[in-house]
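Protein chains in written order, with the working numbering: chain X, 1 to 314; chain S, 1 to 291.
Calculated from the structure, these hints are not laboratory results. Among the hints, a few may not be true.
Said to hold, decoys possible - List of simulated lysine-lysine pairs, DSBU-like, C-alpha gap at most 35 Å:
#1 S/Lys154 - S/Lys235
#2 X/Lys176 - S/Lys235
#3 S/Lys47 - X/Lys176
#4 S/Lys154 - S/Lys63
#5 X/Lys147 - X/Lys176
#6 X/Lys147 - S/Lys63
#7 X/Lys147 - S/Lys154
Unchecked claim - Every beta carbon over 10 Å from chain X, so not counted as near; a handful from chain S, in silico:
#8 Lys68
#9 Trp71
#10 Pro134
#11 Phe153
Claimed, not checked - A partial selection of chain X residues facing chain S, derived with a Cβ cut-off under 10 Å:
#12 Phe23
#13 Tyr44
#14 Met124
#15 Leu157
Ideal Cβ placement from N, Cα and C applies to all residues, glycine included.
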Amino acid sequence: MRGQRATGCAGHSGRDLLNGLLFISPWIVGLGGLLLYPIGASLYYSFCDYSVLQPAEWIGAGNYIDLATDEVFLKSLANTLVYAALALPMGLVVSLALALLLNTGVPFMSTFRVIFFLPVLVPMVALAVLWMWIFNGEYGILNHYLKPVLAFVSEHLLGGRPIAPPGWLSDPLWAKPALVVMGMWTVGNSVVIYLAGLQDVPQHLYEAAELDGASWLQRIRHVTLPAISPVIQFNLIMGIIGALQLFAIPYVISPTGAPARSLYFLPMYLYDSAFTYLRMGYASAMAWILFIIIFVLTLVSFKMTEKRVHYGGE
Amino acid sequence: MAAKSLLGKLLALLALSALSVTFIAPLAWMILTSLKPLDETMSMPPKWLPSSVETIQWENYVKVIVDKDRWDPDEDPVPPFLRYGLNTLYLVVLGVVGTVISNALIAYGFARIRWPGRDVVFALTLATMMIPFPVIMVPVFAIFRELGWVGSFKPLWVPAWFGSAFNIFLLRQFFRTIPTELSDAARIDGCSELGIFWNVVVPLSKPALAVVALFHFMYVWNDFLGPLIYLTDQKMFTLSLGLQFYQSQHGGTEWNLLMAASTLIVLPLIVVFFFTQRSFIQGISLTGLKG
Chain X
1 MRGQRATGCA
11 GHSGRDLLNG
21 LLFISPWIVG
31 LGGLLLYPIG
41 ASLYYSFCDY
51 SVLQPAEWIG
61 AGNYIDLATD
71 EVFLKSLANT
81 LVYAALALPM
91 GLVVSLALAL
101 LLNTGVPFMS
111 TFRVIFFLPV
121 LVPMVALAVL
131 WMWIFNGEYG
141 ILNHYLKPVL
151 AFVSEHLLGG
161 RPIAPPGWLS
171 DPLWAKPALV
181 VMGMWTVGNS
191 VVIYLAGLQD
201 VPQHLYEAAE
211 LDGASWLQRI
221 RHVTLPAISP
231 VIQFNLIMGI
241 IGALQLFAIP
251 YVISPTGAPA
261 RSLYFLPMYL
271 YDSAFTYLRM
281 GYASAMAWIL
291 FIIIFVLTLV
301 SFKMTEKRVH
311 YGGE
Chain S
1 MAAKSLLGKL
11 LALLALSALS
21 VTFIAPLAWM
31 ILTSLKPLDE
41 TMSMPPKWLP
51 SSVETIQWEN
61 YVKVIVDKDR
71 WDPDEDPVPP
81 FLRYGLNTLY
91 LVVLGVVGTV
101 ISNALIAYGF
111 ARIRWPGRDV
121 VFALTLATMM
131 IPFPVIMVPV
141 FAIFRELGWV
151 GSFKPLWVPA
161 WFGSAFNIFL
171 LRQFFRTIPT
181 ELSDAARIDG
191 CSELGIFWNV
201 VVPLSKPALA
211 VVALFHFMYV
221 WNDFLGPLIY
231 LTDQKMFTLS
241 LGLQFYQSQH
251 GGTEWNLLMA
261 ASTLIVLPLI
271 VVFFFTQRSF
281 IQGISLTGLK
291 G
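Isolated chain X (complex conformation) (with noise of 0.2 Å):
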């Protein structure tokens, strides 16, 4: 601070702080009350039986031990995991694929942009139900286009052995792809900020690229990645906070998780340990493990993505 003017006198930095602590004065109850109690609280719940309707009692790591055992919480854990394992490298690859068509200097790039975000502004539980009509077996016109697709396999490729289309949301093998693709249909949100990333690489990076003499795929790789992975580690990271939650579009396909449990994901037993089976503690173990998990792959993203910056490429 030895740059700083001398004010003069005591009543103005006092009045600063007034007038700071003033103007926040609705962030500090939020801080407080909406957000560092209950992080606390929730802490000390996990550690507790608490059903809300009474007080709180401490069982130390009862519910931690629990959860280790309890298969339900298991398979939710898997579901949610194996989801983020198929979700989060599709979607980085397709939106920023999108981004890059997008930037190649194309006409009605604007227009494209606006087709790619719409499917973003549908509510999660219309989207829910849309894709359970598309995927629907019986009547769905995603089967329709797949069915020729299928029949023309089988008949040069695999010697005539019929394949059937996938049952999709009702067949626990196809039920997580399903999502997946759902999923794929909203990357819109990071292809617009990928773009804005995209649109900030300085021009003469390209152009020193191109007099060294290099390829289309060799600028991607060598100059683009590496000037955007800011954002690309800032949109991992957004897509890891949202695959682990993923809640109201398996909810409302089924809130049992069906078929065969492979849609019961994690946020859904939590949810229903703590409002359906009021195992307040418990649920609030599930969710310092959720963020726990969310803490350790952020930290890993970073790792990866600082790799990729100084060695660039694989």
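Assemble the complex: chain X is given as a structure, and chain S must be docked to it using the hints.
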């Protein structure tokens, strides 16, 4: 990066056109299904268009909105779907007004006034963005239960009046770009901090405030978990919760009505989007660049 060759551009244009069709198709399918009579939704093979102009069922929309089966005028003079819409609108208005006012004030306190401890509180604010909602879900529910707010709209709009880390961050970044000379000049003219906020910073920040308002509108319209936790009375359901309820009751059968209901829920968002496209896209770009 502009692809130099004409061929490259042409290929990109072709790929983008094909992809656009794929992205639009589900929305088109939703709207077209919503206009068909029930038997045509089950025709094999499926057809995109209703079989003729005469079979277009605008009545599907009337059926969704009036919904004679579920509407008991003695209990509620407004039919269910409209009631859900009114409830959602109520939450949107209270939430958006609260979000804009509170976050603008808070962000001003962080961006334009220097006070001891400010940077610590701000760092704490940013750190809370990492916390997933389920972590705070139970204690916040317990608080609202203590206050007797469960089953009311309050848990769904009151928090908006107390700021949110993301919006504070977004607005603070924007407020910091406004030259301090403007504030200083106003201060010399005898303006109070509140006067500077209102007369100098707010008028120059309209685009950023619009983005915050838009995002919150989207959030409330979309929110499912909040209403699911706090709303118990069907008459108080929001559109999202109402659609889920409708689908769990009629799902798997009357797809034309479900698609009409979905279209009605999506439509206001698309209309708002088309009027505010620029600030929308700019706002989203901003989240990534400054994040």
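Decide if the proposed pair is consistent with the structure: S/Lys47 and X/Lys176, CA atoms, cutoff 35 Å inclusive. Holds, because 27 Å separates the two Cα atoms, which is no more than 35 Å.
Hint validity - X/Leu157 Cβ closer than 10 Å to any chain S Cβ: violated (24 Å)
Can X/Phe23 be said to touch chain S, with a Cβ gap under 10 Å? holds (3 Å)
Consistency of the no-contact label for S/Trp71, given chain X and a CB cut of 10 Å: holds (21 Å)
Please verify that hint: X/Tyr44, Cβ, nearest Cβ of chain S, below 10 Å or not. With Cβ-Cβ at 9 Å, under 10 Å, it holds.
S/Lys154 and S/Lys235: Cα distance at most 35 Å? holds (15 Å)
Closest CB-CB distance from S/Lys68 to chain X, is it above 10 Å? holds (21 Å)
Quick one, are X/Lys176 and S/Lys235 close enough, alpha carbons at most 35 Å? holds (34 Å)
Take a quick look at whether X/Lys147 and S/Lys63 sit within 35 Å of each other, Cα to Cα. holds (34 Å)
Beyond 10 Å on every Cβ pair: is that true for S/Pro134 relative to chain X? Given a closest Cβ separation of 4 Å, the condition is violated.
Has the given pair, S/Lys154 with S/Lys63, been kept, meaning a C-alpha gap of at most 35 Å? holds (31 Å)
Status of the hint placing X/Met124 at chain S (closest C-beta pair under 10 Å): Check passed: Cβ of X/Met124 comes within 6 Å of chain S, closer than 10 Å.
Taken one by one, the earlier hints fail for this structure at numbers 7, 10, 15, listed in ascending order.
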